[in-house]
Amino acid sequence: MSNVNLTINGQKVSVPAGITIQEAAEQIGAFIPTFCFDKDLTAPGACRICVVEVAGMRNLPASCVTAVAEGMVVQTESPVVVEARKMILELLVANHPLDCMTCEKGGNCRLQDYAYRYGVTGGAFVGEKHEYLPDSTNPYVYRDLNKCILCGKCVATCNAVSERGVINFAFRGFNTRIATFMDADLKDSECVYCNRCVAVCPVGALVDKNMMGKGRIWDLEQKQVTCTFCESGCNFNVNYRDGKVVGVTAANAAAGRPLCLKGRLGINFMQNPDCIEKPLLKKDGEFVAVTWEEALGIAPILEKLKVINK
Amino acid sequence: MTNSIGEVKECDYLFVIGSNTTETHPIIAVEMKKAVRNGATLVVVDPRKTELAELANFHVPLKPGANIPLLNTMCNVIIEEKLYNQEFVANRTEGFEELKAAVKNFTPESYAGIIGVPADTIREIARGFAKAKSAAIFYTMGITQHTTGTHNVMACANLSMLTGQIGKPSSGVNPLRGQNNVQGACDVGGLPNVFPGYQAVADKANSEKFSKAWGVKQSEKIGLTVGEMMDAAHHGDLKALYILGENPMLSDPDITHVEHALSKLDFLVVQDLFLTETAMLADVVLPGASFAEKDGTFSNTERRVQLVRKAVEPVAGKADWEVIAEILTRMGYPHEYATASDIFDEVSKVTPQYSGMSFARLEQGSLQWPCPTPDHAGTKYLHQGKFSRGLGKFIAVDFKAPAELPDAEYPFVLNTGRRLYHYHTGTMTRRTKGLSGIYGEESIEINPADACKLSISEGDLLKVSSRRGSINVKANVTDRVPAGMVFTSFHFAETAVNFLTNSARDPIAKIPELKVCAVKVEKAS
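These protein sequences, in sequence, are chains Z and Y. Residue 324 in our numbering sits at position 222 of the first sequence, and the numbers go up by one each step. Residue 383 in our numbering sits at position 379 of the second sequence, and the numbers go up by one each step.
Derived from the structure by calculation, the hints contain no laboratory data. Be a bit skeptical, because a hint or two may be false.
[Unchecked claim] Chain Y side only, calculated, beta carbon under 7 Å to chain Z, not exhaustive:
1. G99
2. A296
3. R313
4. P318
5. I328
6. E330
7. R472
Model, not experiment: these values are computed from the prediction. A virtual CB, placed ideally from N, CA and C, is assigned to each residue, including glycine.
Let the sequences and hints guide you as you build the complete structure.
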């Protein structure tokens, strides 16, 4: 495909025609914040946090859904852009519990990151706040809709990636929220806890219940492993803190072959108290823990296997 | 799989037979659903009304074991109506006349009764399969776990070759392997009749090759399959067993027989993560390492070889390969490997499909075999232009009923399978608290019509018995199963359904008939 030439933040760039401003900016490392955009999901262009200034355009277009054009002059963080982003953040924060100090997503939350970047403290608007009861009825997903910013990524991943279609937008205006069929708790819905929604949630509305209280992003180290539960062999990250496994997260939230519930959720067998940690030898009908040397070196194993070999 | 998982969503005609894909292979099911959303036709052949069957354009609720009648009638229609791919049949296959003769009497009208859909529907399905731009067969244990398992697979291959729906993107025969590395275990020779890379042990040239490669004289005698080992142990011909990461006391048919067999052994070593039902019978139990504790490779259902990286040190201090190598060494066959990578180098040396692979390459990303040279990119789908044996051979197969069918005393067919939330014998998933919260207890599915006749209500405790044993399990009254059939999984030790199942085996592959046996159902008093 042919290339188009444009200017981003004063820098001339040449990129393939048809890509978005956001993708073009990414190529030169220019920062653009996003909430509702995910490269593996259909971009709804809904949250507007990714707006940029394009010379000659009447409005600030959402960069995740605006294609590049020849000769475009783009500013990704000009004063008007910053002002628009601040307004969006102020409106979101006005109805958001500011409990960042205890929030599981602290340090890994886009709302927090962007509020920090643009100096949004939550003082601009004071109004009604949601007081939903968090849904903690199931063993896997802790769902606190008070923190939801309605970006819609959980809905998109549930519908498009995992093809479940368990959740969607419900109600209108201020009361809009993400709901299951008949607005039931997750445990009473068709949800199978694949946790893909948790993987894409940009804020603290959806949290992996297994990892709650076990540390925040800066406490954890990650190592990639391959899941053993089925034939797909997806990759995931084992999170551990001080050498102890505290949970798994998807290596790729939505791309490629995503993880299912077995892989993501079935790891409690690790570091299970029933785990055999030492070789066991049956002596008088009872298992006795022995050293490897004793187990492997015992004459009976070798002798018997040798005899049988003949 | 002859195709890749990534090709599923582009498939135009999905023929899923004997596979409850959404529960047993959820990731592949996601791809199937994408294909359906893209406008593909989905045919699901399963006696049960599974989630995938509900989404299907055609659900064929055949009688258990009636796979060959369906596949043969489809071939019959395709040949009768001249819908077969004449060019493909002429250039790439042999044995067409034998097939033609074999399926001649398999008219849709004569078999519609046991296939479970009208003759015209069978015709429509056959036409759709033949005419589709790309058509793929997906099967799992519903095809293989029968006394005619091998013939069932051959019948699938016949259909694909007849229509030329193989050897091209999104078209082929796709057995969905059940475990992350079962493909790999077979690839490296974890079978009684082949060396690594499916090289027959009975072939003198192969045994000489491997005798040289390993420095130990190799036998040309074909070994025993799991079921045969149990029989041999039972008869006292097999003296010792070393079982790694397998739990036959739950997963194998006729558990009573398995228990007798294992307790007759002089010596039993079990290596596992946990004290499984099988480990309890062992003389020595060696700790296994979980996936997060070891380095190596997994080869999945689409022949993709992926590197596994250790995230934590082995809890018991030794990786599985170290234990095996030490036992070998102590038995007088010194095996000194420094790392898993050394072992893989040996694998690639003796396995033609893997010969272009190394840890260094796999570090860069996974590869699909065959990958014959270090600069080969791997193979997305098999049999392009040529089959492994040259020409594809049609093999005429006839219908044979399952080994044990319902009768007056045992009037129900027992079908067994898996549940979404659990894995195999539950050794790992049953120890996962959350999964127990969601699915902590097993039940047996029974059709409302049967439940009504026997005055059974939801949740009643039932006694289900076969000629080999009986178990007590709660009733789940649902029309997911047809009348005359009951269904449950083998994940739960409390309701170990394999006490009931029949160990009758397919004469070729020796796979047991876990999908069909006769049982009686009564309320437990």
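Hints and how they fare:
The interface hint given for G99 (chain Y) is violated, since its Cβ lies 31 Å from the closest Cβ of chain Z, which is over the 7 Å cut-off. The interface hint given for A296 (chain Y) is met, as the beta carbon of that residue sits about 5 Å from the closest beta carbon of chain Z, less than 7 Å. Because the closest C-beta pair between R313 (chain Y) and chain Z is about 6 Å apart, less than 7 Å, the hint holds. Evaluation of the P318 (chain Y) hint against chain Z yields a violated restraint, the C-beta minimum of about 10 Å exceeding 7 Å.
Hint on I328 (chain Y) is violated. Least Cβ distance to chain Z is approximately 10 Å, over the 7 Å limit. Hint status for E330 (chain Y) relative to chain Z: holds, with the closest Cβ pair at about 5 Å, below 7 Å. Evaluation of the R472 (chain Y) hint against chain Z yields a violated restraint, the C-beta minimum of about 27 Å exceeding 7 Å.
When the structure is compared with the earlier hints, violations turn up for hints 1, 4, 5 and 7 and for no others.
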